[in-house]
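Residue numbers (the working numbering), protein chains in the order written: chain F, 1 to 498; chain Y, 1001 to 1356; chain S, 2001 to 2362.
Treat the hints loosely; a few may be bogus.
Simulated pairs of lysine-lysine, DSS-like, Cα-Cα distance not exceeding 27 Å [said to hold, decoys possible]:
| hint | chain 1 | residue 1 | chain 2 | residue 2 |
| --- | --- | --- | --- | --- |
| 1 | S | Lys-2055 | S | Lys-2066 |
| 2 | S | Lys-2306 | S | Lys-2354 |
| 3 | S | Lys-2206 | S | Lys-2152 |
| 4 | S | Lys-2066 | S | Lys-2110 |
| 5 | Y | Lys-1040 | S | Lys-2060 |
| 6 | Y | Lys-1040 | S | Lys-2064 |
| 7 | S | Lys-2288 | S | Lys-2055 |
| 8 | F | Lys-183 | F | Lys-193 |
| 9 | Y | Lys-1040 | S | Lys-2066 |
| 10 | S | Lys-2055 | Y | Lys-1040 |
| 11 | F | Lys-488 | F | Lys-193 |
| 12 | S | Lys-2110 | S | Lys-2124 |
These aren't lab readings, by the way, just hints derived from the structure by calculation.
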Amino acid sequence: MAPLLQLSGVSKRYGGVQANAGIDLSVDAGSIHAILGENGAGKSTLMKLIYGVERPDEGQVLWQGQAVTLSSPSDARRLGIGMVFQHFSLFETLSVVQNMALIVPGSKGELAARIRDLGAAFGLSVDPQAMVHALSVGERQRVEIIRCLLLNPALLILDEPTSVLPPQSVALLFDTLRALRAKGMAILFISHKLEEIRELCDTATILRQGRVTARLDPRQGTAHDLATLMIGRPMPPPVHPTPHGLGEERLALSNLTFANDDPFGVSLTDVSLSVRGGEILGIAGISGNGQQELAALISGEIALKSGGKAVMLMGQPVGDLGAAARRQRGLAFVPEDRLGRGAVPDMSLADNALLTAHSRGLVKNGFINRKLERAFTADCIARFDVRTSGPQAEAGSLSGGNLQKFIMGREMMLEPSVLLVAQPTWGVDIGAAADIRQRLVAMRNAGAAIVVISEEIDELFEICDRLQVLHKGRLSPSVEVAATSVAKIGTYMIGAVA
Amino acid sequence: MKITFERRATLSRPVLFAAPLIALGLAMLTSLILFAALGKPAGQALYSLLLEPFVGWYNISEVLLKMGPLMLIAQGLAIGFRANVFNIGAEGQLIIGALFASALPVYFPEGASPLMLPAMIALGALGGATWAAIAAGLRVRFNANEILVTLMLTLIATQVLNYLLLGPWKDPNGFNFPQSVIFPDAALLPILLSGTRVNISVLAALLISALAYVMMRYRFSGYQLLVGGLAPRSARYAGFTEARAVWVSLLLGGLMAGLAGACEVAGPLGQLQRSVSTGYGYSAIIVAYLGGLNPLGIVVSAFLMAALFIGGDNAMVSADLPVAAVFVFQGLLLVFYLGSLTFIRHRVILNWAGRA
Amino acid sequence: MSLNRRSFLKSTLAASTALALPVPAFADDVLNVALIVPSPAADVGWSHTLELGTKALEAKYGDKVKVTLLENIAEGPDADRIMNKTAADGTTFLILGSFGYMEGGLKLAKSRPDMSILHASGYKTADNFSPFGARYYQGTYLMGMAAAALTKSKKLGCVGAFAIPELITSINAFTLGAQSVDPAIEVSVVWVNSWFDPASEQQAAKALISQGVDVIFSNAQDTPSVIQTAEEAGVYAFNLNSSMKTYAPTKYLGVVGTDWAPYFLQSVEAHLAGTFAGASAWLSMAEKCVFVADWNPDIPADIVAKITETEAAIESGAFSPFTGPITNQDGAEQVAAGVTLGDDMILSMDWHVKGVTTPLPK
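Excised from the complex, chain F in its bound form (with noise of 0.2 Å):
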């Protein structure tokens, strides 16, 4: 019998990067498929190619044996090919059930009570009436998800599906993966997490530069020997920081409340926190339990209206002062949203380098440095190892981990006091994460006071001194790391326990 879906001889470049050469691929029903490389290996172009977004220039799609143009997502999601995207595509101006109704037929009312039906079987659950601009990019995906299961397709691409599920429901959605395998789907499984790839996927394809190096069956080997494949070096080793002497404290929220205007948004209660120098502390959680808000509150972007003393930095109240004056007093801040936040997707590396890094000499009476500001860029792009044609290259050029460097980059050469970072590896690639981690725990031994926001237990546990979980806008008791579980922590972010 014929493959479901057969690549031969795919190729595709665009201007002068070759993004795709002479792939082949071969996906049969009834299996999953992983595909694994790194960022600007080719995975996203080769999805799009076989989702219609984009056209090869040579090579053969062949559908169930036959050979098919597919010249938009249209003709794809016909053939009954889904994709769940890694940036979503889902209107910010119209409810969950509105944007479902976009694709997929139905009634408002059926949709939305099958959005609940899928929800509650994979622990996805969505508010079908909740407007997408007020979702994280946590539920966002979700609804991504759920909006390709409604479709019923015959092959499903996921695009990282897992980095914004809870353990729990990361075990249920592989159940539920298993199961749709089990009716004959075929799944092509883009992940990262190497663990996740050899206990759920029959084949994997790994891509370097555009090409394939590797297809296996992930389930013999290890994981770190996927990984050398995948980056074409050895792994680097994960850094578990050593405990040591701490500094002063350096930020502290107490008891602060605060009430949501938003109906969608999340409120914070009596929040408490605490961070020395040389520490990291992690907040756990599911996104859409008031991280967004948390992170807001800390950096400035919502400044209380009074009671400024609920939130001290480097001893001083700043709760109701503004992100620059943060700023100037040693705050610095990765968001979890790169494009459009952390960064100004048209404008180029050096600009955007100007935007938090104009306290560092770029400007002076007024005037912008262009020289200051491009040396400054690359630097940041030289010491953060940013793929990239130069200062001069426009930042939504940049792939998502490739942007998560320069940014990270660009907050720690600002050499803060204090920085927050959100989701820090939220999209990335592995080699990247790594390095992500990797330096952050060398500025936390450098003496800074560091608080990391992620929904990846795994990398938590990996690089915090304490944790504490939020949950519906409250956050939990601090505990060691060294004291604690992932399991533990995994019911706290269920709301398991009080």
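Once you've looked at the hints, dock chains Y and S against the given chain F.
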């Protein structure tokens, strides 16, 4: 059939220059047919519309005279537009600027002080900025939409002008006609080219264009506005406050419109009249966008728009075109320009088979 | 290939040369006349009557005169440029149809002594620059007589453009004419401060009607808005310049019309003869400029007879509406009994007669 527009990744410079030429060609062709159908001399009409504004110093000086206020206002508006602050009421700010500037010659009709003119210019700028500040304050304090507020303020400005011209500021020897006294020489801008009406305000407009370029290209304040326009959440993240962007945008827009108003009464008008502006505040919006919101582009687009206006008037005089036909031609030119720009920036993909 | 290219260039050049050729349509023996008006020259109203006046020039001189109509020209720098342009294009006889063209027109007159310029409703004169106007008040006095015969409420109304002397005299004469029939008549005035603003005019007319006014004077409005509103409300109305009877078939009181042809013809003749001399021309019934017409059949016969009699007296110069005794709004005597106001007093009139209830805007 399915038609999709796909943005082209790169554009070569020659192709970009093609857009205005294609637009011109299409507009000429359409109007030739139109004018011929009207029984008007089409060749003469097109000559008057397109070429005559550039023939001879006198015509060019008239284009420069018209260009000054358009350019000045458009520069101010473009700064705001790039920061997503939409000041649609430059017309009102111009009127208030003209009013403020006129106060001096109205109360000192025999004034001869050399300080009169600079004071009028300063008052004009102050007046325009003050009028825009109302919109800025309402936006920052109550989140009132600045598009509506500036537009409504224009209507109020017109009524204030009417009130003054029909009442306290009317020329006592003017037989109740709604206009002020004729300004003394000390209240008039020096003429740039003798024998023409163009005054030094066009130089000021060019200087301000250069300053706008410097601000948007080299000043941190300009950069902050750009960030606010391109990615408002990035601006908030960096701590550039929206309130500041609103204030800067509206104050600069109002200031330049007010300046333009002062230069009109101290220039070609020589007195305060009800027709102090013939829609400069609105035309400047088109000029700003045609210039790509770029200070240098605006210099070019203001010059071309001014020439187009002058050409239209010429065609009425010399080719006996009805005024409506002139408007049609000017409209065609803009439509074809924007249309060709769309086709040049995007690739059109026809999908005959597609049904979706 | 290169040949093709060259011939292409050649034909393009030829085309552009053809385009670049200005077409000076005037020859030495053709008089170029231009008329500049501020509103679109519609089928009725001020601009229309001026256009009719120039038609008489074409009718008389045929090919020897070429008239260019420049309509919808805003007062201010644009108008100045356009009059300069038309002068440069060969116009030597220019008619400026709005007060606001005065300063620009004067400047042009000074720089071009070969030109003759007529300027509507201004007050400045130069050697080759003549302000002209019509004695509308002669006609509005007669309208006042008719209105007084038809009103039941004894309240008349006026929607006026601007409170300038020309319009004030029209209202005062209207009031005096009405009072000559019925001394108890009162007149209220609404100024809309525009020559052309249909919406405001309609509102103003409605406001007057709601106050009980049953005859309305549309004073120098260039739209039929007031006339239409009056017809709908069932009250009488009249206007100036050209008849708007078609807009009010039953309630049209009549028109105080203007015919500019005699004046234009006479001025052009003087221009051609080289005898044009700038002078203020205030044209009257005697000069066949001002006339009344389209009388409503509802006017009683005895009043019609009286009107005809008065009309003849005005035309012959035997009677002027502004003959004392006239008291002003404050009740003070403004014109002594037996005294007739001189033109200079009428031209600068800034007071209302007793019976006009609305104070004059200051």
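For this session: Taking the numbered hints from earlier one at a time, note which ones the structure violates and give those numbers from smallest to largest.
Result: No hint contradicted; all consistent.
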